[in-house]
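Q: Sequence:
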Amino acid sequence: MAPLQKIIFVGKTGSGKSTLCNMLVQGDLQKKNAREVSDNAAGVSCDIQLVQGRQWSACDTVGLGELQAKGAGVVDPALELLASALKAGQHGFHYIAFVVQKGRIAQENAELFDLFKATFVGAESNFVLIFTHCHSAKWIIDNQLTIKSVYGDLPIVHCDFPFNQENIDEGREKRVNSLSELERQLSVIQRSPVVPTLSRVLPPNPTPEQARVREEATRKFAISLGAFLEVGWCIFKTVMFFIQNF
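If you want the numbering used here, it's the 1-based position in the sequence shown plus 1007.
None of these hints come from the bench; they were simulated from the model.
Everything numeric in this text was worked out from a predicted model, so none of it was measured.
Glycine is no exception: its CB is placed at the ideal position from the N, C-alpha and C atoms.
Hints are not guaranteed to be accurate.
Said to hold, decoys possible - Here are the in silico distance ranges between beta carbons for each label pair:
(1) Ser1132 <-> Asn1184: 28 to 34 Å
(2) Ile1175 <-> Val1128: 36 to 42 Å
(3) Asp1149 <-> Ala1125: 26 to 32 Å
(4) Arg1111 <-> Val1183: 23 to 29 Å
(5) Gln1062 <-> Pro1162: 16 to 22 Å
(6) Pro1010 <-> Leu1152: 33 to 39 Å
(7) Lys1039 <-> Gln1062: 18 to 24 Å
As the list claims (entries may be wrong) - Below, simulated BS3-like cross-link-like pairs (lysine-lysine); rule was C-alpha separation at most 25 Å, straight line:
(8) Lys1181 <-> Lys1039
(9) Lys1155 <-> Lys1124
(10) Lys1124 <-> Lys1109
(11) Lys1109 <-> Lys1145
(12) Lys1181 <-> Lys1109
(13) Lys1181 <-> Lys1145
(14) Lys1109 <-> Lys1155
Sequences are here, hints too, so could you generate the full structure?
A: Laid out in structure tokens, this is it:
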């Protein structure tokens, strides 16, 4: 029997991490999956779950880094759960995947990606970027400069698993074919398993965009303050004029 391929998924809520887990360990999506799929984190702030099946051991994370990416100056509580997951995968992970939904190369994703890199210290060689809802490489090629500016030179794979809860047979062939292609892409970039050193990170330094916004806010404040002082000075001179002449 082939050894299990271990993969851990990190990304924004709704990016498709749970669907990836289910496809890898089940071979297809079902009405009741190994890992519950949801478009939001209703009532769930953080969660880590390890599921196994076929030749895969997949670790799904919910909420990892999102609290800090939103600017909270605290250590992410999901890191505590992640520490347990890393112990469960004590022999290391073959892939440490950052998951992004196609078309959402947003600033918040960039901030979360900074936390991702700072969290999985020593495992950089096993990083992989996965674009979901992406049935071909054309979109990636068309947007490669933007992708590289945010995520650097990470290996990139893509997948698309359309699913209709009311008719699970709909799209089955596309899902199975996309899974086969995903596994082929991952096999091409296969690495030896690594055990990352979990880093309890604080929020990253301001991104260029954050710095620009802060600088603009400071500039506007300075202009407002200057105008206020100028008006105040005019009022003061007027009052003094009346005091001296009447």
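Q: Compare the structure with each hint and give your call.
A: Against the structure, the hints:
1. For Ser1132 paired with Asn1184, a C-beta distance near 29 Å keeps the hint of 28 to 34 Å intact.
2. Taking 36 to 42 Å as the suggested C-beta distance range, the pair Ile1175 and Val1128 conforms, at roughly 40 Å.
3. At about 30 Å, the beta-carbon gap between Asp1149 and Ala1125 stays in the expected band of 26 to 32 Å.
4. A C-beta distance of roughly 25 Å is found between Arg1111 and Val1183, which places it inside the suggested range of 23 to 29 Å.
5. One distance hint, 16 to 22 Å for the beta-carbon pair Gln1062 and Pro1162, holds here, with the actual separation near 20 Å.
6. Between Pro1010 and Leu1152 the Cβ separation comes to about 38 Å, which falls inside the hinted range of 33 to 39 Å.
7. The beta-carbon spacing between Lys1039 and Gln1062, approximately 22 Å, falls within the hinted interval of 18 to 24 Å.
8. Straight-line distance between C-alpha atoms of Lys1181 and Lys1039 comes to about 19 Å, which keeps the hinted pair within the 25 Å bound.
9. With a C-alpha separation of about 15 Å, the suggested pair Lys1155 and Lys1124 falls inside the 25 Å cut-off, and the hint holds.
10. Under the criterion of a C-alpha separation no larger than 25 Å, the hint pairing Lys1124 with Lys1109 is consistent with the structure, at around 20 Å.
11. Note on Lys1109 and Lys1145: the hinted pairing holds, with a Cα-Cα distance of about 11 Å set against a maximum of 25 Å.
12. With a C-alpha separation of about 17 Å, the suggested pair Lys1181 and Lys1109 falls inside the 25 Å cut-off, and the hint holds.
13. Taking the CA atoms of Lys1181 and Lys1145, the gap is about 17 Å. The hint holds against a cut of 25 Å.
14. With a C-alpha separation of about 14 Å, the suggested pair Lys1109 and Lys1155 falls inside the 25 Å cut-off, and the hint holds.
Of the numbered hints given earlier, the model fails none.
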